[in-house]
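If you read the sequences in order, they're chains A and B. Just so it is clear: in the first sequence, position 142 is 142 by my numbering, and no numbers are missing. So my numbering is basically just the index in the second sequence, starting at one, shifted up by 1000.
Since the hints were made in silico from the structure, they are not lab data. Just to be clear, a hint being listed does not mean it is correct.
What the hints assert, rightly or not - Sample of chain A residues facing chain B (criterion: CB under 10 Å; computed from the structure): (1) 10; (2) 11; (3) 15; (4) 24; (5) 119; (6) 152; (7) 278; (8) 279; (9) 280; (10) 282; (11) 328; (12) 329.
What the hints assert, rightly or not - Pairwise CB distance ranges, derived in the manner of DEER restraints: (13) A:121 <-> B:1133: 12 to 22 Å; (14) B:1008 <-> A:335: 24 to 34 Å; (15) B:1261 <-> A:304: 51 to 61 Å; (16) B:1008 <-> A:303: 49 to 59 Å; (17) B:1005 <-> A:214: 29 to 39 Å; (18) A:298 <-> B:1005: 36 to 46 Å; (19) A:73 <-> B:1264: 52 to 62 Å.
Cβ atoms here follow ideal geometry from the backbone N, Cα and C, with glycine treated the same way.
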Amino acid sequence: MAKPGKTLEIRTSPHILSGYSVDTIMFNVVLALLPITAFAVFAFGLAGLLTLSMALASCVLTEHLICRASGKPTTIGDWSVTITGLLYGLTLPPSLPLWMVAVGGVICVAMGKAMFGGLGYNTFNPALVGRAVLQAAFPVALTTWIPSFGAGRFSSLPSSTLTLPFTEPTVDAITSATPLALWKFSQEATATGDLALGFTSGSVGETSSVLILLGGIYLIARNMMNWRIPVSIFGAVAVLSGALHLMDPARYASPVLMLFSGGLMLGAMFMATDMVGSPMTSRGCYLYGALIGLVTVVIRTWGGLPEGVMYAILLGNAVTAHLDRWTRLTVFGTRGKEAAT
Amino acid sequence: MRPMRLLGLKTFRHGVHPPESKDETSGLAIRQFPFAPLLIVPLVQHMGAPSLPVVEEGQEVHRGQQIARADGFMSVSMHAPASGLVRRIALAPSISGRMVPAVYLEPFPGSTQEIEEGTPCPLDTASPDEIIAAIQDAGVVGLGGAAFPTHVKLKIPEGKFVDTLIINGVECEPFLTTDHRVMLEQSGDIFMGIRYLLKVTGAQKVIIAVEANKPDAAAHLREAFPGDLDGSVEVLPVKYPQGAEKMLFSALLGREVPSGGLPLDIHALCCNVATAAQIGHLLPRGQGIQERVITVTGPAVKRKGNYRIPIGTPLRFLLEHVGVEEDVNRVFLGGPMMGAAVSSLEISITKGTSGVTAFTDSAAERTHSQVYPCIRCSYCVDACPIFLNPSLLGMLAANEEFSTMAEEHNLMDCFECGSCSFVCPSHIPLVQHFRAAKDAVRKAKAGAA
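Pulled out of the complex, with its shape left as it was, chain A reads as follows (with noise of 0.2 Å):
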C-alpha cells in the first residue's frame, strides 16, 4: 500500500493524453524543414548561410525580447518561432543585404505574430508578413537573383550582402533570372529536370522541389501535416495552368513549370499548411488550396509580378475564418431537423 500521507491527484478524465504536443509537433516541422535548409546553404553557399542564419536570430530574437517586454515566460522553447525564421530565410533571394533580413525578421515576429497576440492567434503566416513588408519596401533587392551553384559561393559573398544599412545595394555583376522570370518576361521554359532537383536561382530555399516534397510528406505521415491544402493548392494550379497552356502553349507557361517553380512547392506545402491560418474542416482546406492555386496561376499570369504564391496565401489566410464559417460540420443528430426547418 501507499505510503502513509501519500496524496492522491484529483484530476479530470481523460486520464490519458496522444502524446501529440504543440512543441513536438513544431519541432517535427523543424526536422521536416532542414534537408531544405542544408540543400539551400549547399546551394547558395554562404550567401545562402548568412541569410538563413540573419532570419533565423532576427526572428528568435525578437520573439523572446518581446516576451521579456512583456514580462512572459519566453516561447521560444515551443520552436514555433523557429519555423518562422526558417522558412522566411527560406523565402529571401540569397543575395539580399543582411540589414534587410534582420528588419524583415522583426516585422515577421512583431507585426505578424506578437501584435495578434502570438502562438494561435496569428491570422496571417508570420513569415510571409515580414517577407510581404520587404517586397514593398525594397522591391528591387527582393527580385535580385545569383545563380545558384556558383563557383566561389563558398570562398565569397555577393557585394549586395553586407551593404550598409540604408544604402543602395550594389548590384552584382553575375544576377541571374528565376524560372519564372525567365518564362514572364522572355517566354524561355527551363528543363523540368533542373526544376524539380533545385539546379536553378530563385529564394534561398525554394529551388529543391524534391526536398520540399520529401519534407512534407514526413509530416503527412505523423499526421502533422492536412495533406488536403497542398493537394488542392496543386490540383488547382495544374487545372487552370494546365487549361490555359492547351490554349495557347506558347503564351501561358505549362503546369510543370507552374508547379515547379518559384515558392509554389515551399509556400503549399509549409506555410499554406501552417495550422494556425488555415481552415479546421476538410471541406474548408479542399477551399481554401484551391483558392491559393487559382490566385497564385491568376497573379502569375496576368500579374505585373511573375511570382505570386505569397499574395495567395495571405489572402487565403485572411479568408480562413469565412470558409470554417461556411463549411461548418453538421452536428450528429440535426441532419432533418435542418431540412424540416
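Fit chain B to the known structure of chain A by using the hints.
What follows is chain B alone, placed relative to chain A:
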C-alpha cells in the same frame, strides 16, 4: 445514411485510437472477491431518486435481502451484498464528492453467505409490465457506467416502438475487460437476459456488438447464439467511443438519434452486455444485484484482474487486497477516458463501477504537460464523434459565453467522451470546460423556469 465502414467493418465517423491496455487482464477469468469487514452500501447508486431504507439499525439481514425500496418510478431497490448486521444508516462519501445516505453492513464472519431467493419472474408467463417491475425490484441499472435505471428505459411510451435491440459488448474504454469476461463466461445469462428484453420491448431483432479486439468473445457468442433468436453478433473496428450508444446505432443501423432526442425516436434500444447478463441471471431466481464484475487494473495495481466484487466494498479495502505500488498517484473509477478520479478511498463500489484503475506517478506524468494556446490544428474537430467544433467551443468557454455555446454550437449534444482532450496537442482541458459549461446552462435554465 449508409453506415460507414472501416476495413470492411461497420463503424461511425471520427473518433480516436487510444492505446487499448487490455492485455494484462483480458485473459484473467472472473474471481470472487472477499467480503470487507464493513460494507457501505450507498442508497444513491443510480441516476434518479435515492432508495428508501427498509431495514433498521441493529437488524440482521440475509445476503440478497431487500434493504431499500424504490422511491417512485425513477428509482430502484437495493439488496444486502452479504448476510450480516446493519450497523447504522448514515451519510457516506460518494464519488461525486457529496455525502449520500448509506447502509453500513457488517458481514457475519462465519456465514456461508447463501443468496436469498425471492419470487422468480418466469420468462414464459410474466407480462411485459411484470418483467419491468421485476427489473426494478432486482435493482438493475445500466452497468456500463451511467447507472441509469434499466426499467425506465424499457418502459416504451404509447405510440412508440422498438424494432432492434442492441446489446453493447463493445467496451471501447481502455484498460477495462469486464464485459469481455462476462461475454466469455456468462453467455447463458446474456441470452436469457436478451429474451426478457425482447419480450419487454417487442423488438424483433437483436444485435450483439463486439469490438474487433475481442475475437474470442465474438466467436463464443456466435457459437452459443440460440437458433430461435432473430439476430447476429456484429464485430466493430477498435475505435473510441464505439461503445457510446449513439455511435452504435449509427454504425449498426445507419440511424442517427436526433439532437436532444432518445434512441426510441429511431426505434432502437441499447443495453450493456453485463446488464443483460444480470437480468438473465437475477430474474429467474427472483434475486437482486448484490455484486458485479469489475476490472481492477492500471500500472499501480499489483494483482490486476477481473473480480466479482460485493456492492459497497470500500475502495481502501479493495486496493489493500489487490496491492498497490508505493508511487500510486491517481485512482479513478472506470477507465482512463471517462473515469472519475476519486478524492477519498472511503467511497465504495457501486452498481455503476465497471473498473478501478490506479496510475503511478510515471503513468500520470504524461498528463502534466504544459498548456499552450489553441493552434487550430483541427485534431479535435476530426476526433469529435458528433461533429462539434471543440476548439471553438473551448474559446467560447474561456470567455464564459455559455449560452452561445448551447444555442449556436450544440454544446448540449456533447456526451463528454473526452476524445477532444485526448488529442489536443495544446493540452487544453476541453471536455472539462464543456462539463462546466453544460452545468452552467442547465442551472440557468432551471433558474429561468
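Structure-based check of each hint:
This hint holds: residue 10 (chain A) has a C-beta 5 Å from the nearest C-beta of chain B, less than the 10 Å allowed. Here the hint on residue 11 (chain A) is kept, as its CB sits about 5 Å from the closest CB of chain B, short of 10 Å. Using the Cβ-Cβ criterion of 10 Å, the hint placing residue 15 (chain A) at the interface with chain B is satisfied: the shortest such distance is roughly 4 Å. A hinted interface residue such as residue 24 (chain A) counts as satisfied when its beta carbon comes closer than 10 Å to some beta carbon of chain B; here the least separation is about 7 Å, so the hint holds.
The restraint placing residue 119 (chain A) at the interface with chain B holds, with a minimum CB-CB distance near 5 Å, inside the 10 Å limit. The interface hint given for residue 152 (chain A) is broken, as the beta carbon of that residue sits about 43 Å from the closest beta carbon of chain B, more than 10 Å. Interface hint at residue 278 (chain A): satisfied, since its Cβ lies 8 Å from the closest Cβ of chain B, which is below the 10 Å cut-off. With a cut of 10 Å, the hint placing residue 279 (chain A) at the interface with chain B holds, because the nearest CB-to-CB distance is about 8 Å.
Because the smallest distance between the Cβ of residue 280 (chain A) and any Cβ of chain B comes to about 4 Å, under 10 Å, the interface hint for this residue holds. Given the 10 Å rule on beta carbons, the hint for residue 282 (chain A) holds: about 8 Å separates it from the nearest Cβ of chain B. Because the smallest distance between the Cβ of residue 328 (chain A) and any Cβ of chain B comes to about 7 Å, under 10 Å, the interface hint for this residue holds. Annotation: interface hint on residue 329 (chain A) holds; nearest CB of chain B at approximately 4 Å, less than 10 Å.
In this structure the hint that residue 121 (chain A) and residue 1133 (chain B) lie 12 to 22 Å apart at CB is violated, the actual value being about 59 Å. In this structure, residue 1008 (chain B) and residue 335 (chain A) meet the distance hint of 24 to 34 Å, their C-beta atoms being roughly 25 Å apart. Between residue 1261 (chain B) and residue 304 (chain A) the beta carbon distance is about 58 Å. The supplied range of 51 to 61 Å therefore holds. For the hinted restraint 49 to 59 Å between residue 1008 (chain B) and residue 303 (chain A), the CB-CB distance of approximately 50 Å keeps it satisfied.
For residue 1005 (chain B) paired with residue 214 (chain A), a C-beta distance near 32 Å keeps the hint of 29 to 39 Å intact. Taken as a hint, the range 36 to 46 Å holds for the pair residue 298 (chain A) and residue 1005 (chain B), whose Cβ atoms sit roughly 41 Å apart. The given range of 52 to 62 Å is respected by residue 73 (chain A) and residue 1264 (chain B), whose C-beta atoms sit roughly 53 Å from each other.
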